[in-house]
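K.L.:
Sequence:
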Amino acid sequence: MLNKINLEALNKYKKLITTKPEEAIAKMGVTANWKGGVNTEITTHPKSVGSAQIEQTFKYIIGEPEELLGDNQHPNPQDYILGGLAGCMMVGFVASASAKGISLDSVRLEIIGQLDLRGFLEIDPAVSVGFENLQFNFVVEGNATQEDYKAIIEHVRKISPGYRTIADPVQITINENL
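Heads up: the sequence shown begins at 1 in this note's numbering, then just goes up one per residue.
Treat the hints with caution; some may be incorrect.
[Claimed, not checked] Pairs of lysine-lysine, DSS-like flavour, derived with a Cα cap of 27 Å:
hint : residue 1 : residue 2
1    : K47       : K4
2    : K100      : K15
3    : K27       : K14
4    : K158      : K100
5    : K27       : K59
6    : K59       : K158
7    : K35       : K14
8    : K4        : K14
9    : K158      : K27
10   : K27       : K15
11   : K59       : K150
12   : K12       : K100
13   : K12       : K27
14   : K47       : K158
15   : K158      : K14
16   : K20       : K35
17   : K150      : K100
18   : K4        : K27
19   : K35       : K12
20   : K150      : K27
21   : K59       : K20
22   : K47       : K14
23   : K100      : K4
24   : K15       : K4
25   : K100      : K14
26   : K59       : K47
What the hints contain is simulated information worked out from the structure, not anything from laboratory work.
Start from the sequences, fold in the hints, and give me the full structure.
P.N.:
Here it is in structure tokens:
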């Protein structure tokens, strides 16, 4: 084990999905329930990774700041989007560094973006509703060079499901069961 990453288990799984591609399919989802005002309770669905069933579910609340009718009691949707993106990038970074034999002392990733709320609030139709730019700031300490870390970051940009989901167009289907 390096950086608390079980590379043996990862390599075993990679061999499995090379011969059985159906074992590479991960299914997941969430259910959102309105809790009044601008609060939403999210419940994760049980997941499957190939034939493995993961029955554990989690609940969390999404809210808003007072300026957007909330009470500042819970992270807002964008906090969770950015947090999920950062978590996915972190897993990819640490696993990739470990696979290269790099020992890490610390890794910090800060993601910063701006939203112009005039788009969301329909004040100016020319203003984008979403983030137009996200800045990623990695700070890494370990036994490798800055060039090694930069190469890993570029690699993770290619293989991170969170990053690719945000950076690339995603087909979305909305089923209206009103």
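K.L.:
Each of the hints needs a verdict: does it hold here or not?
P.N.:
Cross-check of the supplied hints:
Straight-line distance between C-alpha atoms of K47 and K4 comes to about 23 Å, which keeps the hinted pair within the 27 Å bound. Between K100 and K15 the alpha-carbon distance is near 18 Å, which keeps this suggested pair within the 27 Å criterion. Straight-line distance between C-alpha atoms of K27 and K14 comes to about 18 Å, which keeps the hinted pair within the 27 Å bound. Between K158 and K100, the direct Cα distance comes to roughly 17 Å. Compliance with the 27 Å bound is thereby established for this hinted pair.
For the hint linking K27 to K59, the alpha-carbon distance of about 18 Å falls within 27 Å, and the restraint holds. Of the supplied pair hints, the one linking K59 and K158 is violated, its CA atoms being roughly 30 Å apart against a limit of 27 Å. Proximity of K35 to K14 is assessed by CA-CA distance (about 41 Å); at most 27 Å being required, the pair is judged violated. Our distance criterion of 27 Å between C-alpha atoms is met by K4 and K14, whose separation comes to about 18 Å.
Proximity of K158 to K27 is assessed by CA-CA distance (about 21 Å); at most 27 Å being required, the pair is judged to hold. Simply put, K27 and K15 have alpha-carbon atoms about 20 Å apart, close enough for the 27 Å limit, and the pair holds. Proposed proximity of K59 and K150 is contradicted: the alpha carbons are some 35 Å apart, above 27 Å. In summary, the hint linking K12 to K100 is supported, as the alpha carbons are separated by about 17 Å, within the 27 Å threshold.
At roughly 20 Å between alpha-carbon atoms, K12 and K27 fall within 27 Å of each other, so this suggested pair holds. With a CA separation close to 24 Å, the supplied pair K47 and K158 stays within the 27 Å bound. For the hint pairing K158 with K14, the CA-to-CA distance comes to about 17 Å; that is within 27 Å, so the pair holds. In summary, the hint linking K20 to K35 is not supported, as the alpha carbons are separated by about 42 Å, beyond the 27 Å threshold.
This hinted pair checks out: K150 and K100 have alpha carbons roughly 13 Å apart, not beyond 27 Å. Distance hint between K4 and K27 is fulfilled; the C-alpha atoms sit about 25 Å from each other, no more than 27 Å. The hinted pair formed by K35 and K12 fails the criterion: a straight-line CA distance of about 43 Å is larger than 27 Å. At most 27 Å may separate the alpha-carbon atoms for a hinted pair to count; K150 and K27 exceed this at roughly 31 Å.
A C-alpha spacing of about 33 Å is found between K59 and K20, which places the hinted pair above 27 Å, so the restraint is violated. Only pairs whose Cα atoms come within 27 Å are accepted, and K47 paired with K14 is accepted, the gap being roughly 19 Å. Restraint check for K100 and K4: the C-alpha separation of about 14 Å stays at or below 27 Å, so the hint holds. Only pairs whose Cα atoms come within 27 Å are accepted, and K15 paired with K4 is accepted, the gap being roughly 21 Å.
Taken as a hint, the K100 and K14 pair is honoured in the structure, with Cα atoms around 16 Å apart against an allowance of 27 Å. The suggested pairing of K59 with K47 holds, with an alpha-carbon distance near 14 Å, which does not exceed 27 Å.
The structure shown violates the earlier hints numbered 6, 7, 11, 16, 19, 20 and 21.
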